[in-house]
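Colleague: Line order of the protein sequences matches chains B and R. Counted the way my numbering counts, the first sequence spans residues 43 to 155. Counted the way my numbering counts, the second sequence spans residues 2 to 117.
Treat the hints with caution; some may be incorrect.
Unchecked claim - Below are the SDA-like pairs computed for lysine to any residue, each with C-alpha atoms no more than 20 angstroms apart in a straight line: (1) B/64 with R/42; (2) B/111 with R/103; (3) B/111 with B/54; (4) B/91 with R/58; (5) B/91 with R/116; (6) B/100 with R/103; (7) R/58 with B/137; (8) B/91 with R/43; (9) B/100 with R/104; (10) R/58 with B/44; (11) R/58 with B/138; (12) R/58 with B/43; (13) B/100 with R/12; (14) R/12 with B/82.
Just so you know, these hints were derived from the structure itself, not from any lab.
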Amino acid sequence: AQSVAQPEDQVNVAEGNPLTVKCTYSVSGNPYLFWYVQYPNRGLQFLLKYITGDNLVKGSYGFEAEFNKSQTSFHLKKPSALVSDSALYFCAVRDYGNNDMRFGAGTRLTVKP
Amino acid sequence: GAGVSQSPSNKVTEKGKDVELRCDPISGHTALYWYRQSLGQGLEFLIYFQGNSAPDKSGLPSDRFSAERTGGSVSTLTIQRTQQEDSAVYLCASSLAGQGTLYEQYFGPGTRLTVT
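Okay, chain B solo, but in the shape it has when bound (with noise of 0.2 angstroms):
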């Protein structure tokens, strides 16, 4: 079965600095990777997804993450982070062939001014 980690509960990074939400995984398979964001009082919403190709993937906001077969990662990464990007974020996994999707944790990211 699918898992995955987010070893980081809580993230804190000053505005205009470089951000990265960790994530890794375990699947059987080929993964499917995705992220998610959560902010306050509002539904979860897609980031960015991974199927193939590209091991950089770009998504919404000016987030990125990179897939990393060897070290079965996918972290999140932003060059400049805004404090709107304060919120929760869930990285998630599914194996092909797999109804169901494995989130994470999630990884609380707050972003001074």
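Fit chain R to the supplied structure of chain B, relying on the hints for placement.
Modeller: Just chain R now, with coordinates in the frame of chain B:
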């Protein structure tokens, strides 16, 4: 267009009572998922519907939980004889297709259930 909607947004119930949570998926989305989000926890998969196929109930935590999807659209999650540990935010999501799909899921705002 309209997104996934859920009702009620908040539900407070007494232990032992039954509750029904409703989800209206995005029109045209054949796949529908229910998740549970507890405080400090990630999302826990509960159940999955795809078209007219039998649902995947493998994530339901107990036989007190059940779900239906009528006409391939609206879904209702029912929790019987609620317990305090059922308190959580229940999220519904829909997508264009199901198993093995590459499509991302679109989430509703959730129903916050509190069992007193």
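Colleague: Does each hint hold? Answer for all of them.
Modeller: Results for each hint:
{"no.": "1", "hint": "B/64 with R/42", "result": "17 angstroms, holds"}
{"no.": "2", "hint": "B/111 with R/103", "result": "18 angstroms, holds"}
{"no.": "3", "hint": "B/111 with B/54", "result": "27 angstroms, violated"}
{"no.": "4", "hint": "B/91 with R/58", "result": "25 angstroms, violated"}
{"no.": "5", "hint": "B/91 with R/116", "result": "36 angstroms, violated"}
{"no.": "6", "hint": "B/100 with R/103", "result": "16 angstroms, holds"}
{"no.": "7", "hint": "R/58 with B/137", "result": "17 angstroms, holds"}
{"no.": "8", "hint": "B/91 with R/43", "result": "18 angstroms, holds"}
{"no.": "9", "hint": "B/100 with R/104", "result": "16 angstroms, holds"}
{"no.": "10", "hint": "R/58 with B/44", "result": "17 angstroms, holds"}
{"no.": "11", "hint": "R/58 with B/138", "result": "18 angstroms, holds"}
{"no.": "12", "hint": "R/58 with B/43", "result": "16 angstroms, holds"}
{"no.": "13", "hint": "B/100 with R/12", "result": "38 angstroms, violated"}
{"no.": "14", "hint": "R/12 with B/82", "result": "19 angstroms, holds"}
Of the numbered hints given earlier, the model fails hints 3, 4, 5 and 13; all others are met.
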